[in-house]
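Please arrange chain U on chain D, whose structure you already have, making use of the hints.
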Amino acid sequence: MGAQPAGPPVVGETTFDAFYRDHRERLIATVNAATRCGADLATDAVDEAFVRALTKWARVERMEAPAGWVFTVARNVVHKTRGRRTIESDLARTATGVSTSGQGHGPAVAAESQWELWDAVAALAERERTAVALRYLGDLTEAQVGEVMGIAPGTVAATLHAARKHLAATLSAAEPADDGSGGTPSSVAAPTTDDSTQGGSR
Amino acid sequence: MSTDLDTRLRGLTELSPPTHGPLGAEELHQRATRIQRRALATRAIPAAIIVVALLAGAVALRERSTSTDVVVGPPDAAEGTEAEGLSDADREGVTFLITVAELRHQVDRENVLSAVYGATAGASGRTELDAQRVATDAAVEAYDVQAAAVGARQTEPGANAALTESVKQADNRIERIGTNRQSVDTFQSDPHGLIDAYWNTSASLADIPRAYAQAVDEPDVFRTVFSAMNLGIVNATNASVSALLTVPVEIGYYPGYWGGSANPGDVAKGLCGENPSGAGDSCRSFQQALDQQVDLDQADQMFQQFATSGQKQAFRAADAGSEFDQLKASAFEDGNGVNDLRGVAPGSTAIDPLTFRAAALARIDRFAAAERQIYQSLLDGTAGDEPPPDTIFAPGPSTTTPAAPSTDTTVPAEPPSTASQGNGPPSTDASTTGRSETRRESIEPTTTTAPTEPTTEGR
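Just so you know, the protein sequences line up as chains D and U, in that order.
Mapping the first sequence onto our numbering, position 55 (from 1) lands on 986, and the numbers just tick up by one.
Mapping the second sequence onto our numbering, position 280 (from 1) lands on 274, and the numbers just tick up by one.
Just chain D, same shape as in the assembly (with noise of 0.2 Å):
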């Protein structure tokens, strides 16, 4: 996101024109990963922020990381979205046949390593799920990582250095059972948390 290069100029786009198409792929990633609320009501959230965004345009645009701001402003409408989804339309979710396993719903150029590792990411604690998510999704700095969640820039290299090793441990457990040697990798993944919604484009 911050770190992001500006994609080609269009004649008549206005810097949040160019600001939102640069960005709303991304951050829809990002926010996604982070909270674990789906694609769906992520796209939704994103484009929320975006116009919120826009009404204080002004304002967010002197910012640093102004997609960190729009992160922000779209994980809280997802909180307080996801308050009034019902508990049928994640059933329904499941009735569909929507797995958490990653196979056969996302583009299908995804490979089956890289959906491991989404859930992975997923099995996270919040904590190091929002910062692997800014970091590597929303390419944010350490430092703008930092300000968007609130915390010192050393804070978030040491939860990031957490994070890869709890990543790296669920992958490599998850290795023998590809080779059909057994084991799961729930019984090794990292903490889990409280989002009961998973997946990506799933």
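It should be emphasised that the hints constitute simulated quantities derived from the structure, not laboratory data.
Glycine residues also receive a C-beta, built at the ideal position from the N, C-alpha and C atoms.
Mixed in with the good hints there might be a few duds.
[Claimed, not checked] Ranges between beta-carbon positions, derived for each pair:
1) U:Gly18 x D:Ser1103: 31 to 39 Å
2) D:Lys1096 x U:Gly172: 51 to 59 Å
3) U:Asn166 x D:Thr1012: 28 to 36 Å
4) D:Arg952 x U:Thr1: 42 to 50 Å
5) D:Ala1056 x U:Asp82: 55 to 63 Å
Same frame as chain D, but now just chain U:
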């Protein structure tokens, strides 16, 4: 492993693509406008808390300083006390706020006249619109001069940061007036989109007094500016309702779509069908006007709650004898179960576009005069006195810019009305404004967006 893992983590973005395409520019701006409308209406509430706290503080200070000069009670209880002289800074500031109010007044007028021109596909209103643009430009110039005089664009430490920010927002909107006009002239946007654009400009100007008031130390000045600010919100919202209703009045029905191309020739009832009220959000032209009317009622209540009796009287006098409420009520009724503003369909009432236009502009002018009178009372040192009602309608140009001709050969002056003012559209405070209290029950209240933005910038 770490580098590989980092690379793979960055690649996760591909696994969560958007589930629908990006919002179009029009939808983005429509939704942003809706949020801004709510924000403007609700912004006055914390300011109301501040004014009450300041008044309480002022009372407490007076109790400590003298036992014979204590004013206790609601805001009106302080009326009649002699207004103290303004400091030079406050005098300059209030003069600036008058130019702001005057600019907003002219923008509001241009909004209505642009709606006329757009809705009639250029067949009507060109002369008035051209004259109005001249008046708006003059008001912009006066605003620029005064903004510079009071240092409203200063950013160095010690400046009123809220005012600077507010003026910056307004400046950004004012810069776009030229673009709006191009869209009006070339029919590039449908009239409702243009009304939104003008409304945004008007709303940004209505926000300036709020920012200014934050740096006012003198309670009497604060209270007067606060009342004028509330009335400014009423006026801006009233003008927006007027512009929104101007479109169906000029066309003869609530349009359901504009053909996407903004070509006035494509206008049709579309999703509004024969019952715009029942169509809900599908009939944007009706729903938007109704939403704005609800906001107007709220703004009106806010003004009434904190205005002094003299200020209320000035406002009532500005509202009295107006035919506009009756016409507005008819316009809303003509979209309830029917969709005909020409009086052809059974149960509908014919609304003459010229009469409606004149009444709308006359009300905008009278409300603006009342607002100006409140500010002027500070300069005159009569802020605590009751203004003589007849003085606010004295003809003549505004204090800062030449007023646009409110009427011309095609726009008759608003005739004094003998019609009842009690059957208007949804309104909640007829005791003070003469408008109706009957809120349209078939319409769901619009959802208000809770403040979920980060509380700290940069997050």
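For each hint, the structure was consulted:
no.: 1; hint: U:Gly18 x D:Ser1103: 31 to 39 Å; result: 46 Å, violated
no.: 2; hint: D:Lys1096 x U:Gly172: 51 to 59 Å; result: 58 Å, holds
no.: 3; hint: U:Asn166 x D:Thr1012: 28 to 36 Å; result: 30 Å, holds
no.: 4; hint: D:Arg952 x U:Thr1: 42 to 50 Å; result: 25 Å, violated
no.: 5; hint: D:Ala1056 x U:Asp82: 55 to 63 Å; result: 60 Å, holds
Going through the hint list in order, the structure does not satisfy hints 1 and 4.
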